[in-house]
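Put chain U on the given structure of chain F with help from the hints.
Number of protein chains: 2
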Amino acid sequence: MSSLLSALSGHRPDRLPVWFMRQAGRSLPEYKEARKGTTILEACLKPDLAAEITLQPVRRHGVDAAIFFSDIMTPLVLAGVDVDIVAGVGPVIENPVRSAADVDRLVSHEPGDAQAITDAVKLVVAELGDETPLIGFAGAPFTLAAYLVEGCGSRDHLAARSMMHADPESWRRLLDWCADISGRFLTTQVDAGARAVQLFDSWAGSLTRVDYVASVAPHSAKALSAVEGRVPRIHFGTGTRHLLTDMAALGVEAMGVDYRTPLDEAAWLLPEIPLQGNIDPALLSAGWEPLSRHAADVVERGKAAPAHIVNLGHGVPPTTDPEVLTDLVAFLHEL
Amino acid sequence: MSSLLSALSGHRPDRLPVWFMRQAGRSLPEYKEARKGTTILEACLKPDLAAEITLQPVRRHGVDAAIFFSDIMTPLVLAGVDVDIVAGVGPVIENPVRSAADVDRLVSHEPGDAQAITDAVKLVVAELGDETPLIGFAGAPFTLAAYLVEGCGSRDHLAARSMMHADPESWRRLLDWCADISGRFLTTQVDAGARAVQLFDSWAGSLTRVDYVASVAPHSAKALSAVEGRVPRIHFGTGTRHLLTDMAALGVEAMGVDYRTPLDEAAWLLPEIPLQGNIDPALLSAGWEPLSRHAADVVERGKAAPAHIVNLGHGVPPTTDPEVLTDLVAFLHEL
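Residue numbers (the UniProt record's numbering), protein chains in the order written: chain F, 1 to 335; chain U, 1 to 335.
In short, the hints are calculated from the structure, not lab data.
Warning: the hint list may mix true and false statements.
Just so you know, same-sequence chains aren't split out, so a pair can sit in one copy or run between any two.
Within a straight-line C-alpha distance of at most 25 Å, the following computed SDA-like cross-link-like pairs (lysine to any residue) qualify [as the list claims (entries may be wrong)]:
1. Lys303 with Val213
2. Lys303 with Arg209
3. Lys222 with Val83
4. Lys36 with Thr326
5. Lys222 with Asp191
6. Lys303 with Asp211
7. Lys303 with Val210
8. Lys32 with Pro271
9. Lys222 with Ala34
10. Lys32 with Val92
11. Lys32 with Arg155
12. Lys36 with Ala221
13. Lys222 with Ser9
Isolated chain F (complex conformation) (with noise of 0.2 Å):
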């Protein structure tokens, strides 16, 4: 059994498994070279495309597991939203859902064809072979309405919250309808062979408690039980320590945990939980004796959970040398 699937199943297999977020993509010369001439959403619709990105971070870096090279607005995109994703700025929707009325256009849409996604898939899984398994993702059904609603990445998501108290009945409709969209991207992924999957609730650390539970979680329950089952489900968040237990109690099969929230704080919170994160981004550009002596740290804190898969806090931010994440797995391994 693979390292990953083994700690996603509650064991501590003989070497750590890692990967990290984002490890596809932006940070990788061989992606730029790949992706010329392309835009990153026609680069998610190409099967051969999507599927070498896929693959370029596990030859280079030797990481236990794929993670598949996709968007957040892939799935909207293949519903027919009219999305852009801008280079600097995100993904950006012509026209934002502010009203009832917007939310009754939005929710006409069929999720759409997906065999794209499911070409991809199946080219990646079957270079992989059963060694490294593919993990699948989605955007969960908050990060998809945010976007929604905002038209635009933004810090606090004012107006995606402002819209769950105004008008909660349009609140609960976006969101039922962003669970379904959301599942069902994770049940493509999931049925061409990716043998894990991850859902992102990338800005549900905006959220407060008690609004988190009573109109966030249900949807995300609901997306995740797509795949419930099938195959172990990770559920990751930013900024999240507040509403950590509420995500966990989802039911998933590992929690993700932020930088910020050091694993054995975590592992208090959460004791029955395998545990994947956390090395601070920020350190990856700070050199290597500050990175190995933080990795080893995270390493150490980490024992405290029942199982650990070694990643960062966040994604590899654009910038970073692919060199050290290659020294990094290395150096991890050997631990």
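Frame of chain F, contents of chain U only:
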């Protein structure tokens, strides 16, 4: 004694004191009118205009304190650092501080002439009289340093946090200089008549607790010590639930609490100190019924603290309807 100063000294005045972070400025039509043809940094350095803008929300909303209208970048501008405020972007530093040599160059800057600040504060205090105190403010050393190193606002302040580990000695010198600048800015305002201060560590939430305590807190303490024993000091940052006890432990007289941490939970963490906050700014545009219900809940939870200054849990959003704020002050004064 004003209700604000009473609460800051640990009492519960007959009427809850209320003010709003960012009450002066961007949400008010009279501000937009007054600032026409002037950049924000120019406005901060024109005593008549800065005073007028500071007073506008006191006249309009009937809040129990003025907060000096300025920018976190103002003390850097006074010190001759090349800063611009770009609409829709925020502060932009022409030459980001990335190396030991950059730090050398920066720390050679003297604090500069703050007469414009002195004059503006005196104008405000003369008009406010004894009834309504003026709160002075400054950005905390880490927040100043994060702008200086990144060159602009950013999500996780990776470059700044990387420098902290890569070159601790340059970091220490940078933060020490920022602490001087920050403390001096507070002193100027107190000398001219401000009767309380708030230190904003807007970006501290990106730090781990270990990093905050080791590499940031001593510098914040230095900035705060500049006005120790002269006026009560409020300390605030967003996303700082994990740092709340450490921020309070710097010996401040009150803690501002972000909207994500319920005040009764904050009071449990900090049982001995007056708390300020923490109405969720997202509720300001959610309609009166959800807003008033939420505001009443905040006040109810605030009863767990020895004293409570009502505020938002983050700044007034630019799109806020000013009438909602006026109504909210009246509502809170009736509770």
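Here is how each hint holds up against the structure:
1. Lys303 with Val213: Only across copies: Lys303 and Val213 sit 24 Å apart there, 29 Å inside one copy, limit 25 Å.
2. Lys303 with Arg209: This pair counts as between: shortest inter-copy Cα distance 20 Å, intra-copy 28 Å.
3. Lys222 with Val83: within (24 Å within a copy, 48 Å between copies)
4. Lys36 with Thr326: within (24 Å within a copy, 54 Å between copies)
5. Lys222 with Asp191: within (18 Å within a copy, 58 Å between copies)
6. Lys303 with Asp211: between (32 Å within a copy, 21 Å between copies)
7. Lys303 with Val210: between (31 Å within a copy, 19 Å between copies)
8. Lys32 with Pro271: neither (41 Å within a copy, 53 Å between copies)
9. Lys222 with Ala34: Cα proximity of Lys222 and Ala34: none, with 36 Å in one copy and 51 Å across.
10. Lys32 with Val92: within (22 Å within a copy, 28 Å between copies)
11. Lys32 with Arg155: Between. Shortest inter-copy distance 24 Å satisfies the 25 Å Cα cut-off; intra-copy 28 Å does not.
12. Lys36 with Ala221: The answer is neither: 38 Å in one copy and 50 Å across copies each exceed 25 Å.
13. Lys222 with Ser9: within (22 Å within a copy, 49 Å between copies)
Hint compliance for this structure: hints 8, 9, 12 are broken, all remaining hints hold.
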